[in-house]
Amino acid sequence: MANITYIESSGQTTTINLNDGWSLMQGATANGIDGIVGECGGSCACATCHCYVDEARLADLPAPSAGELDMLENVAAERRPNSRLACQIKATAALEGLIVHLPEMQE
Amino acid sequence: MNADDSVVVIGAGQAGVQTAEALRTLGFAGGITMLGDEVHAPYHRPPLSKAWLAGEMDAAQLTMRTAEVLARKHITLRTGVKVSFIDRAAKQVRLTDGSSLPYTGLVLATGSTPRSLSLPGASAKGMLALRSRDDASAMAEHMAQCVEKQLGVVVIGGGFIGLEVAATARKKGLTVTVLEAAPRLLGRVLAPVLSDWVAALHRSHGAELVLNAQIAALEVDATGAVSGVRLSDGRVVPAGLVVVGIGVTANDQLAAAAGLECERGIVVDACGRSSDASIVAAGDCTARRMPDGSLVRLESVQNATEQGKSAAAALMGQARPFTATPWFWSDQFDKKLQMAGLSMGADRWAVRGDMAGDLATASFSVFHYRKGVLIAADSVNAGRDHLAVRKLLDAGLSPTPEQVADTACDLAALAKQ
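Note that the protein sequences, when read in sequence, are chains F and Y.
Count the first sequence with this note's numbering and you get residues 1 to 107, in order.
Count the second sequence with this note's numbering and you get residues 1 to 417, in order.
Looking at chain F on its own, in the form it has when it is part of the complex (with noise of 0.2 angstroms):
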């Protein structure tokens, strides 16, 4: 389980708890969160659900994909250095009290 804190680009802040496994996309759609979209269900196949990570964070995450590298060339917002992709994170007790950005578009 992980504490994880969305920030959208209006502000608007949410603390979800997140069941071990669950992805951060999963956590944000159940939720109502309409800075991440998730079209495509988590197949990273459609980059709807881009999002900045803390950057102290970084290294707590496993590295991403070689298919989430190339997705992330497809977002819709600036990618930067801690852009991710938040249907290939996987929530762990590692990943407590993470926060993420969300940008202002998806798509």
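It is worth saying that the hints were derived from the structure and are not from the lab.
Please read all numbers here as calculations on a predicted model, not as lab measurements.
Glycine included, C-beta positions come from ideal geometry on N, C-alpha and C.
Keep in mind that a hint or two might mislead.
[Claimed, not checked] Over the 10 angstroms line for every Cβ pair with chain Y, so calculated as not near, a few chain F residues:
1) Ile16
2) Arg57
3) Ala76
[To be verified] In silico DSBU-like pairs for lysine-lysine, Cα to Cα no more than 30 angstroms straight-line:
4) Y:Lys125 to Y:Lys171
5) Y:Lys91 to F:Lys90
6) Y:Lys371 to Y:Lys172
7) F:Lys90 to Y:Lys335
8) Y:Lys91 to Y:Lys73
9) F:Lys90 to Y:Lys73
10) Y:Lys125 to Y:Lys172
11) Y:Lys371 to Y:Lys416
12) Y:Lys171 to F:Lys90
13) Y:Lys171 to Y:Lys416
14) Y:Lys371 to Y:Lys391
15) Y:Lys335 to Y:Lys416
We have chain F already, so just place chain Y on it with the hints.
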């Protein structure tokens, strides 16, 4: 439309949800009621043949929107509801419980239904298709029984659904036989060389593929359960589960009964408009009229979301045509196939990357040309190529077969020119 108006959305899948939410994004303040015929809140379909079937995710993870989340957007979700009739003159939707719902704008997002086999035994126990969450749950249960009793799985149809289910079944250690009537897998979509490659992939994972398969009969045991599939050469492939994946038909019955133009689906223009100005349609149930007069039927997430956005705009009096390049994907084993464009009528193909090498590390794309013009590309674990091709096709650009085959040629850079 204004706050006094009301919209009824028939269908609570990807297209229905997208249309309803897009109406709110566009500022529609009136009532929205979404009617789902399943008992579940809207859920993601793509994982059904993969992670859900494999038992790797729970129902809450599959859920796209709960009723509570929709209610926050003032979208009323009614599940387990069936529509019996659309009364266009009275602008009412009649439900099977006898009640009626008035509408100013109506959205048809009724989806599609898997085709069934027209053979004796087609409805025997253990004959399953995959469309809904309940279908997939039933399939998972049958697979568990097959594991326990050491029975095999036969997949009829070597299309995306069939092959994804075959891959999931192999991962569970089941004996899998895929029966395809055509000479190659995914013949309507992929280039011939890629069909061969996909066949090699499945064989390398231990599935048996029978191409040009002619099914003579379904074998049904004394308990009424399917026990095997008999081929026209007399061979019987034993099975505890037969998965039927031979395509779908659009759910256009309500629309047709209401007198809307239908042809293999509810006919819509690029903006999602039906032949009735108050009625729009989106997703699997539609057949989109193209500028050349032809009809295109697509069954994909992108089609549902794009048409949903167009349909919502149309109800708001805005023209938002869906003109983006169609794209699709399929996950089989550890491979992601990503298709961009429509490959019908291709007469020449070019390969980028190493297609002949080790299956385990494969990453390549096959480009389709028709009369010298790039029309589509299929990528395997090569998302970068896929995204570049989408941009190229969106921009109407057509690099030569020589250019795309040269991995030193930067496709994304070509798309930016």
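Violations among the numbered hints, reported as their numbers in ascending order
The structure breaks hints 5, 6, 13; every other hint is satisfied.
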